[in-house]
Amino acid sequence: MSAEILDQCSPSQLNYRVYDDADIFALEQEKIFRGPTWNYLGLTSEVPEENCYKSTYVGETPVVLVRGKEGQLHAWVNRCVHKGAKVCRNARGKADGGAFVCVYHQWAYDASGALRSVPYRRGMGGKGGMPPSFDLSSQRMQSLRVDTIGDLVFASFSEDALDLRSFLGPTMCRAIERIFVRPTKVIGRVSQRIGGNWKLYAENSRDSYHGGLLHLFYTTFGLWRPAQDSVAEIDEEYGFHNSFQIRKPQEAKDDGVHKEETARPLDAMALLDPSLLELRPDIGDDISLSIQSIFPSVVVQQIGQALATRHMIVREPGSMDLVWTYFGFEDDDEEMNRHRLRAINMVGPAGYVSLEDGEAVEICVDGMKGSMGHSQILMDIEKATNPTTPMGLDENAVRGFWKGYLQMMREGGGK
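According to our numbering, the sequence shown is numbered sequentially starting from 1.
I should point out that these hints are in silico values taken from the structure, not numbers from a laboratory. Bear in mind that the values here come from a model prediction, so they are computed numbers and not experimental data. Some hints could be false.
Claimed, not checked - Computed beta-carbon distance windows for the label pairs: (1) Phe134 / Arg189: 37 to 45 Å; (2) Val190 / His210: 20 to 28 Å; (3) Lys127 / Arg182: 54 to 62 Å.
Said to hold, decoys possible - Only pairs whose alpha carbons sit at most 30 Å apart, straight line, appear in this in silico DSSO-like list of lysine-lysine: (4) Lys369 / Lys31; (5) Lys31 / Lys86; (6) Lys86 / Lys69; (7) Lys69 / Lys248; (8) Lys127 / Lys86; (9) Lys69 / Lys83; (10) Lys31 / Lys83; (11) Lys185 / Lys94; (12) Lys369 / Lys403; (13) Lys127 / Lys83; (14) Lys185 / Lys248; (15) Lys94 / Lys83.
All C-beta atoms in this analysis are idealised placements derived from N, C-alpha and C, irrespective of residue type, glycine included.
Work out the full structure: start from the sequences and follow the hints.
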């Protein structure tokens with residue numbers, strides 16, 4: 001059934017069943033999340049010291065990111081080799097004495113995931129215990145490859161995956177390194193449950209078409225204008241990563257044109273505290289908005305001073321969690337800390353410019369019910385390699401996502 005559904009899909013036209021089919025969901029775990037991709041785990045600043053850890057997921061698989069000796073980063077499947085129980089049950093923490101202990105039977109592991117001790121391994125009074133052939137050193141958690149760029153940590157199950165920088169491509173690497181110009185610190189976290197397939201949100205983050213139409217806060221307060229100076233790029237290798245950037249709000253040469261473009265008066269409302277929108281150029285340029293979508297499951301954003309990663313954690317075909325991690329820089333002073341926290345009001349599950357995205361996914365899910373045999377058609381405007389600029393005039397980045405996704409699902413290689 002899954003092969004039949006995928007055969008009915010192209011980068012420009014999709015069978016709606018691709019969003020809710022259980023067989024496709026299972027195949028995604030194999031071909032994508034455990035396939036030749038690199039999956040976001042977190043920020044290096046989330047595991048600042050030896051034995052600090054973060055529990056997360058790659059697809060539906062529970063994974064732990066750990067800081068080991070000499071600063072080395074490790075990632076392993078959060079599954080005891082004995083009974084398969086989750087070893088790290090907290091979202092984050094620091095292992096006492098460097099031991100990660102399964103609560104079920106007290107099997108203990110080190111930061112690298114190697115098994116270090118087993119209770120009653122030699123039995124008691126000559127009875128019980130493991131057989132003489134049991135080799136402690138041969139047992140360990142399933143490890144993943146780990147690499148970083150900027151302060152972003154990625155992991156891969158596959159030995160066949162390209163190295164991380166090749167997987168991302170030069171354009172995406174430049175966009176990441178533009179944000180991570182200094183060491184980071186985490187300033188907040190929040191998560192939301194979205195009643196929809198992860199691919200709908202992956203489309204949403206690549207869809208600049210809706211930016212100035214759905215998010216009325218942008219256009220009401222002049223943060224987004226269709227004629228604004230913008231850049232939109234797709235990665236060179238696969239086509240399923242992309243980056244959108246907008247420069248700081250500009251004075252309109254003809255305010256009447258902007259009013260016509262946005263179909264709403266720019267002076268209709270005013271903020272009691274306009275400092276929310278203040279851009280303080282601490283990265284070294286005048287870009288006020290940057291949204292970068294990295295396949296398969298993370299978005300890196302700068303909206304004004306609000307810096308964050310958005311991690312899509314898949315739960316089932318019709319459900320996902322979106323985990324927001326807000327960050328600043330280690331050298332931010334107290335005033336900049338307050339300003340970033342103020343700017344966070346624009347983003348997140350209830351953010352002035354993010355609230356609508358989760359709802360958009362869920363109304364699509366509602367509308368697709370009973371859609372057997374039907375399909376959506378993506379905008380055919382300028383089927384180019386890169387999105388059209390100014391932004392918002394095409395869906396080329398969405399098509400790029402589907403092109404890479406379909407190739408990976410059919411072939412397992414993504415190229």
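Point to revise | Lys31 paired with Lys86 [C-alpha distance capped at 30 Å] | key: holds (24 Å)
Run the distance test for Lys369 versus Lys403: straight-line Cα separation, threshold 30 Å.
holds (25 Å)
**Q.** Cβ separation of Lys127 and Arg182, checked against the hinted range 54 to 62 Å
**A.** holds (60 Å)
| task | Measure nothing beyond the straight line between the CA atoms of Lys127 and Lys86; if it is 30 Å or shorter, mark the hint as holding. | result | Answer holds: Lys127 to Lys86 is near 29 Å, not above 30 Å.
Quiz item: Holds or violated: are the alpha carbons of Lys185 and Lys248 at most 30 Å from each other?
Solution: holds (25 Å)
Take a quick look at whether Lys369 and Lys31 sit within 30 Å of each other, Cα to Cα. holds (26 Å)
Is 20 to 28 Å a correct range for the gap between the Cβ atoms of Val190 and His210?
holds (22 Å)
#### Entry: 30 Å Cα cutoff - pair Lys185, Lys94
holds (17 Å)
| request: Mind checking the alpha carbons of Lys86 and Lys69 for me, to see if they're no more than 30 Å apart? | output: holds (23 Å)
### Task
Determine whether the Cβ-Cβ distance between Phe134 and Arg189 falls within the hinted range of 37 to 45 Å.
holds (41 Å)
*Hinted pair Lys69 and Lys83, Cα distance within 30 Å*: holds (27 Å)
Holds or violated: Lys94 to Lys83, with C-alpha atoms at most 30 Å apart
holds (23 Å)
When each numbered hint is compared with the structure, a violation occurs for hint 7 only.
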